[in-house]
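What follows is each chain in one-letter form.
Number of protein chains: 2
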Amino acid sequence: MHTNARSADAGRAPGAAGLVSETSLPHVVILGGGFAGLSAARELERAPVRVTLIDRANHHVFQPLLYQVATAGLAPSDISVPIRWRLRNQANATVLLADVTHINPAAQRVTLDGGAGELGYDYLIVATGARHAYFGHDAWEAHAPGLKSIEDAFEMRQRFLMAFELAEKSDDEAERAALMTFVIVGAGPTGVELAGALAEIVKGALRRDFRRIDTRRARVLLVEAGARILPSFPEKLSAIAQRDLEKLGVEVRLGVPVTNIADSVVTIGNDAIRAGGIFWAAGNAASPLGALLGAPMDRSGRVRVAPDLSVPLHPNVFVVGDLCTVARPDGSPVPAVAPTANQTGAHAGRMIARVVTGRPREPFVYFHKGDLATIGRHKAVAAFGRVTITGYVSWLLWVFVHLMYLVGFRNRAAVFFQWAYAYLTYQRGVRLITSTSRRT
Amino acid sequence: MHTNARSADAGRAPGAAGLVSETSLPHVVILGGGFAGLSAARELERAPVRVTLIDRANHHVFQPLLYQVATAGLAPSDISVPIRWRLRNQANATVLLADVTHINPAAQRVTLDGGAGELGYDYLIVATGARHAYFGHDAWEAHAPGLKSIEDAFEMRQRFLMAFELAEKSDDEAERAALMTFVIVGAGPTGVELAGALAEIVKGALRRDFRRIDTRRARVLLVEAGARILPSFPEKLSAIAQRDLEKLGVEVRLGVPVTNIADSVVTIGNDAIRAGGIFWAAGNAASPLGALLGAPMDRSGRVRVAPDLSVPLHPNVFVVGDLCTVARPDGSPVPAVAPTANQTGAHAGRMIARVVTGRPREPFVYFHKGDLATIGRHKAVAAFGRVTITGYVSWLLWVFVHLMYLVGFRNRAAVFFQWAYAYLTYQRGVRLITSTSRRT
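Residue numbers (our numbering), protein chains in the order written: chain A, 1 to 440; chain B, 1 to 440.
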């Protein structure tokens with residue numbers, strides 16, 4: 001195959017030379033080891049291809065539970081596995097720890113580590129996802145970290161734990177009150193789950209540990225510019241979730257935009273609030289790699305893909321996960337959630353497996369698994385089509401679903417153990433402040 | 001009490017004002033939340049005193065298992081607990097997260113955070129321990145990290161995991177061999193346990209995860225300037241431990257000093273060895289705070305304390321744990337191990353409890369619990385007076401003892417779970433490379 005000559009002269013590339021010398025099968029490069037990238041790789045296990053998965057991190061993160069690492073309930077290792085461990089039994093897959101800085105779809109090459117190497121491909125799956133975005137206010141990020149990576153979770157955990165340490169040291173009542181105020185911007189599932197977890201910790205796990213402050217007096221504000229929390233959920237559930245949050249002591253502020261974020265001060269409308277921690281759960285911006293594919297994009301940088309998830313100008317390039325935007329039959333966009341990432345990633349892998357074996361492509365069909373969010377230790381809201389579930393039952397469902405989707409027995413068992421411990425003791429197991437995270 | 005006037009005017013101090021306003025009991029300040037500091041605090045639970053424990057970290061670390069965090073076997077949270085959580089039920093104890101930068105024993109005050117605050121005391125217990133030392137070659141530290149804190153363990157873990165990632169990317173056979181060479185300097189218990197763990201991981205947990213390198217070909221060198229490994233153990237056990245290490249594939253080099261350490265190159269005698277990881281387990285230097293007490297010190301900076309562990313010139317100041325040096329009846333120094341820290345810390349606390357209730361001081365009497373070190377997954381060596389145990393039985397003993405001494409049920413259960421998992425699956429659960437640790 002001539003396409004392989006192209007891969008072959010990628011000898012400069014870390015990984016490439018070895019790969020090509022091994023075999024002459026078509027080379028599938030997957031960028032990103034999240035849900036989408038891993039699903040794509042797994043789907044290609046039995047296909048006559050060589051797979052190279054590249055990620056800048058060595059681990060896959062179970063993002064839906066990141067907020068529990070940020071709130072000291074789980075250890076980072078509980079919700080992450082080494083990507084190469086996940087693929088250790090897939091003989092046709094190689095994993096490279098590298099930062100992909102450029103894509104040249106015409107030459108069918110990707111650039112690694114800012115020019116340190118290049119890698120040729122016959123098929124490319126771009127699954128580099130999204131980062132949190134600040135609607136053009138990049139300066140806000142330093143004061144209001146978001147929650148996409150383990151490092152982000154370290155940073156949040158350290159900020160909210162440090163706020164109480166500083167409050168315990170302070171002799172100024174007003175300063176203490178400010179330090180013990182936490183503002184979460186954005187009331188999607190992440191913001192809601194974060195707010196619920198924080199509200200519980202201050203009343204439970206931390207309560208008896210301090211001598212000079214009463215952590216139960218800490219304030220947790222959930223700020224949403226829209227008209228209701230969990231906007232992607234049925235309205236009924238938004239109302240129930242809000243009621244449950246308020247029962248936990250969370251102050252929910254709707255319909256007011258955040259107008260400014262400075263060091264320890266967030267301005268909501270005209271109301272400037274001093275806070276010990278400001279956490280961002282509002283906006284996402286797609287990975288910049290999407291812009292290199294010459295494809296149409298939506299305003300948040302997601303790539304508008306063809307029905308088979310490939311890119312109009314480059315049928316051998318697929319974009320999946322949070323980096324692509326797909327329309328439902330009714331025209332509404334498919335939500336950017338874990339099941340979507342799994343489904344789009346698997347579809348792209350399947351399409352490549354079909355093409356290399358001479359079978360036709362198929363359009364991607366999204367299956368909506370439902371919406372699910374938890375509020376504290378007993379409550380959750382769930383929607384499956386017309387069916388909605390709330391309260392204790394949906395909370396049990398949330399626990400079951402998240403354990404079920406966790407990768408690897410060890411993590412499942414570890415998380416179950418930590419949850420059982422936290423549930424029975426009201427304690428949080430992972431209250432570490434490390435100077436590594438201080439530096440983050 | 002007039003001593004309290006002294007504390008009282010520490011109003012500038014974070015923590016001090018509040019403390020003094022609460023009560024007029026004698027104020028005991030403990031510096032350090034390691035084994036010694038925590039034992040001292042626990043001992044004072046029922047004494048008529050106010051206790052303030054200050055540590056620069058918010059967590060107590062179970063140092064004997066740090067090497068397992070460094071080798072990706074345990075999560076940092078498995079071997080650490082928040083200090084204030086440990087003392088949450090001790091009503092007379094307050095915990096401050098602060099860095100003590102100066103002690104003025106004449107004025108009975110300590111300086112916090114480089115002058116940010118001051119704290120007065122009636123009694124002081126200094127338990128700030130030791131850091132690893134490089135025998136005057138401070139430049140070596142950047143190239144050969146030691147293992148005292150969670151941050152140190154992050155750094156080691158990241159270096160040895162990254163070495164294999166780089167080897168997998170490299171096309172240069174010599175470079176790969178160098179990257180897959182690990183040198184551990186110092187063959188005390190830490191060095192021996194580190195070497196054994198590394199030798200096992202490269203043959204077990206990592207074996208199937210890479211495509212282009214064979215991790216079983218990694219070299220693990222244990223370098224000791226002395227005549228035998230585990231010098232503090234009976235000679236017989238040193239020989240057995242060395243044999244067990246060599247069975248695991250560890251190359252033991254005795255009687256050769258390390259003459260230089262540069263970036264990825266360690267020189268042993270005249271033999272320069274390129275390495276993917278160089279780890280320091282050789283020397284300790286006591287905390288600099290010891291030098292502020294006007295007391296005699298040994299050459300590694302440990303304070304020579306009076307028989308009751310107080311400082312000759314300041315009977316209200318006690319020095320405990322790795323920061324003090326105590327002589328056995330036979331004149332030999334008490335070893336700097338966890339039991340010594342627990343015993344000296346508890347003794348200092350007990351002495352203060354006696355003094356404030358008008359009872360006489362007593363000399364510290366060291367009880368030697370024995371020596372114990374593990375070599376890999378089945379072997380260990382133990383010595384109790386004349387009795388020595390080796391092999392599987394002593395390994396079970398090692399497991400039991402370490403679980404028993406772990407603080408808090410949760411950690412015990414978590415560690416037991418991780419060990420059972422690792423033992424049954426040969427996997428390592430915590431193979432995270434986070435850019436936080438990359439930056440450390």
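Hints were generated in silico from the structure; no laboratory data involved.
Mixed in with the good hints, there may be bad ones.
Each pair may be met inside one copy or between any two copies, as identical chains are not told apart.
Claimed, not checked - The calculated SDA-like cross-link candidates involving lysine to any residue, where the alpha carbons are at most 20 Å apart (straight line), are:
1) Lys369 with Gly301
2) Lys247 with Arg359
3) Lys236 with Glu45
4) Lys369 with Gly136
5) Lys236 with Asp371
6) Lys236 with Leu166
7) Lys369 with Arg253
8) Lys247 with His378
9) Lys203 with Arg88
10) Lys203 with Asn89
11) Lys369 with Asp298
12) Lys247 with Gly114
13) Lys203 with Ala91
14) Lys203 with Arg228
15) Lys369 with Ser170
Predicted model, so just to flag it, every value in this text is computed and none were measured.
Structure-based check of all given hints:
1. When the C-alpha separation of Lys369 and Gly301 is checked against a cutoff of 20 Å, the pair qualifies neither within a copy, at 25 Å, nor between copies, at 64 Å.
2. Within a single copy, Lys247 and Arg359 get their C-alpha atoms no closer than 56 Å, and across copies no closer than 54 Å, so neither meets the 20 Å cut-off.
3. Taking CA atoms no more than 20 Å apart as the test, Lys236 paired with Glu45 passes in neither setting, with 43 Å inside one copy and 53 Å between copies.
4. For the homomeric pair Lys369 and Gly136, neither the shortest alpha-carbon distance inside one copy (33 Å) nor that between copies (63 Å) is at most 20 Å.
5. With identical chains, the CA atoms of Lys236 and Asp371 are at most 20 Å apart within one copy only, with a shortest distance of 13 Å there and 65 Å across copies.
6. Within a single copy, Lys236 and Leu166 get their C-alpha atoms no closer than 40 Å, and across copies no closer than 52 Å, so neither meets the 20 Å cut-off.
7. With identical chains, the CA atoms of Lys369 and Arg253 are never at most 20 Å apart, being 29 Å at best within one copy and 60 Å at best between copies.
8. Within a single copy, Lys247 and His378 get their C-alpha atoms as close as 12 Å, which meets the 20 Å cut-off; across copies the closest is 53 Å, which misses it.
9. Proximity of Lys203 and Arg88 under a CA criterion of 20 Å is satisfied inter-copy only: 15 Å between copies versus 43 Å inside one chain copy.
10. Taking identical chains as interchangeable, the C-alpha atoms of Lys203 and Asn89 lie at most 20 Å apart only when they sit on different chains, with a minimum of 16 Å there against 45 Å within one chain.
11. In the homo-oligomer, the alpha carbons of Lys369 and Asp298 never lie at most 20 Å apart, since the shortest distance is 24 Å inside one protomer and 68 Å across protomers.
12. When the C-alpha separation of Lys247 and Gly114 is checked against a cutoff of 20 Å, the pair qualifies neither within a copy, at 50 Å, nor between copies, at 43 Å.
13. In the homo-oligomer, the alpha carbons of Lys203 and Ala91 lie at most 20 Å apart only across protomers (19 Å), although the nearest pairing inside one protomer, at 50 Å, exceeds that limit.
14. With identical chains, the CA atoms of Lys203 and Arg228 are never at most 20 Å apart, being 25 Å at best within one copy and 55 Å at best between copies.
15. With identical chains, the CA atoms of Lys369 and Ser170 are never at most 20 Å apart, being 48 Å at best within one copy and 43 Å at best between copies.
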